[in-house]
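Student: Starting from the given sequences, assemble the full structure and let the hints guide the process.
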Amino acid sequence: AVERLRGQPGTEVELTIERPGVDGRLTFTVRRARVEVKSVPFHVLLEGNVGYVPLQVFSETSTDEVIAAIDSLQSEGAHGIVLDLRGNPGGVLDAGIAISELFLPASVDIVETRGRAAHQSETYRARGSGPRYPALPVAILVDERSASASEIVAGALQDHDRALLVGFRTFGKGSVQTLFPLTGGDVLKLTTARWYTPVGRSIQKEREEQRAALASGALSPFGQLVPRGEVEDLPTFTSRGGRTLMGGGGITPDLTVRPDTLDTAAQEAVYALYESGGALNQALFDFVVRRVGGAAESGRPLPEVTPALMSDLRRALEERGVEADEAVWEAAEPYLRNSLRQELALQGSGELQQFLVQAGSDQALQAALERLRAAGDDARALVTDAAAPAPAPAGAGS
79 AVERLRGQPG TEVELTIERP GVDGRLTFTV RRARVEVKSV PFHVLLEGNV
129 GYVPLQVFSE TSTDEVIAAI DSLQSEGAHG IVLDLRGNPG GVLDAGIAIS
179 ELFLPASVDI VETRGRAAHQ SETYRARGSG PRYPALPVAI LVDERSASAS
229 EIVAGALQDH DRALLVGFRT FGKGSVQTLF PLTGGDVLKL TTARWYTPVG
279 RSIQKEREEQ RAALASGALS PFGQLVPRGE VEDLPTFTSR GGRTLMGGGG
329 ITPDLTVRPD TLDTAAQEAV YALYESGGAL NQALFDFVVR RVGGAAESGR
379 PLPEVTPALM SDLRRALEER GVEADEAVWE AAEPYLRNSL RQELALQGSG
429 ELQQFLVQAG SDQALQAALE RLRAAGDDAR ALVTDAAAPA PAPAGAGS
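Counting from 1 along the sequence shown, just add 78 to a position and that's the residue number in the working numbering.
Among these hints, one or two may not hold up.
[Unchecked claim] Restraint ranges, calculated between C-beta atoms of paired labels, are given here: (1) Pro313 with Asp390: 18 to 24 Å; (2) Gly263 with Glu353: 39 to 45 Å; (3) Glu411 with Phe258: 49 to 55 Å; (4) Pro212 with Asp341: 43 to 49 Å; (5) Glu401 with Thr270: 46 to 52 Å; (6) Leu387 with Ser199: 54 to 60 Å; (7) Ser199 with Leu257: 41 to 47 Å.
Since the hints were made in silico from the structure, they are not lab data.
Remember, predicted model here, so these are calculated numbers, not experimental data.
The beta-carbon is built from N, C-alpha and C at its ideal position, and this holds for glycine as well.
Tutor: Rendered as structure tokens:
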């Protein structure tokens, strides 16, 4: 099917589809075009004149998208920016270098590779005449899924005391692989170097530690797997401005903020629903599409997540083979309610509305916003005050 959809931009193809909630099949003629996946799906000015920019991947267009988002937010009155790198797996290295250059002085180190051979070692420095945003206060959100280029940006700005990092220790993907062709057409993939931040912190985290952290993770109300704890006795380094930073692989934020997690009974209930034989996520998606299909185009309001709607969801899930006893349904209800609320917002109004629905409960975001609002226009104060206790995020749970 995918091969039949592909073709030259500008040509047409006829599609016959089945849509949940609609009887029969629908036929459309569509014009082919280049598929462009945005790195920054939206940006928004939040309360207190702080802009929010989610960067989901590093691609060839990422730098231009980040510039467009920040420039737009500044024109609306933003005095500080939250750059969200949570869940960003990395991507194009040069995009990571270029985005770092937006905030760092010319010629400073951004990242370094170190290998056994001299030709495998290289230092990447900020190019150009200077940063586009030399004094804009910046907070960067990171988590255990932030990897590769995300860690390069976060590490460089933290080492140079240019951004406040908030969230959770990053993934630790800091190795350089080289491909060596073998006879018979096989290829040997060998690690030949590692990435280091400007002050010498290795980004690479040991694989055993990564696996152990994820295996022992707890589930958040929003479906994120949160590692249970941090490794003790990590080596320390000193930032360019004299702050103490943690090494040991990955990038440890200035403010560690762990998301709330479900209690043991709720987690076991959620896993039981996933293992019951029904396709929970697909069934939830289909249920929401039937409820909100066309809501955004028609201007209809999204349905409230009421007890009646939750009962309808349960019936729909049971019809799709998601089965469990009453105790499991009751324990899993907070998770299902959050999932339903997010999916309604996403399918009914898009990613921006989905973000706004959960922003008040996003503890890392709220901590970053409190810091930025307190710092005002003083980018230096934002970072130098990082050792002080964070203000309690509004609406944050224990």
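Student: Are the hints correct? Go through all of them and say.
Tutor: Going through the hints against the structure:
The supplied range of 18 to 24 Å is broken by Pro313 and Asp390, whose beta-carbon atoms lie about 54 Å from each other. Against the hinted window of 39 to 45 Å, the Cβ-Cβ separation of Gly263 and Glu353 comes to about 40 Å, which satisfies the hint. Distance hint for Glu411 and Phe258: a CB-CB separation of about 54 Å, consistent with the stated range 49 to 55 Å. For Pro212 and Asp341, the Cβ-Cβ distance of about 46 Å falls inside the hinted range of 43 to 49 Å, so the restraint holds.
One distance hint, 46 to 52 Å for the beta-carbon pair Glu401 and Thr270, holds here, with the actual separation near 51 Å. Between Leu387 and Ser199, the C-beta spacing of about 59 Å keeps the proposed range 54 to 60 Å intact. About 19 Å separates the C-beta atoms of Ser199 and Leu257, a value inconsistent with the hinted range of 41 to 47 Å.
Against the hints set out earlier in the document, violations occur for numbers 1, 7.
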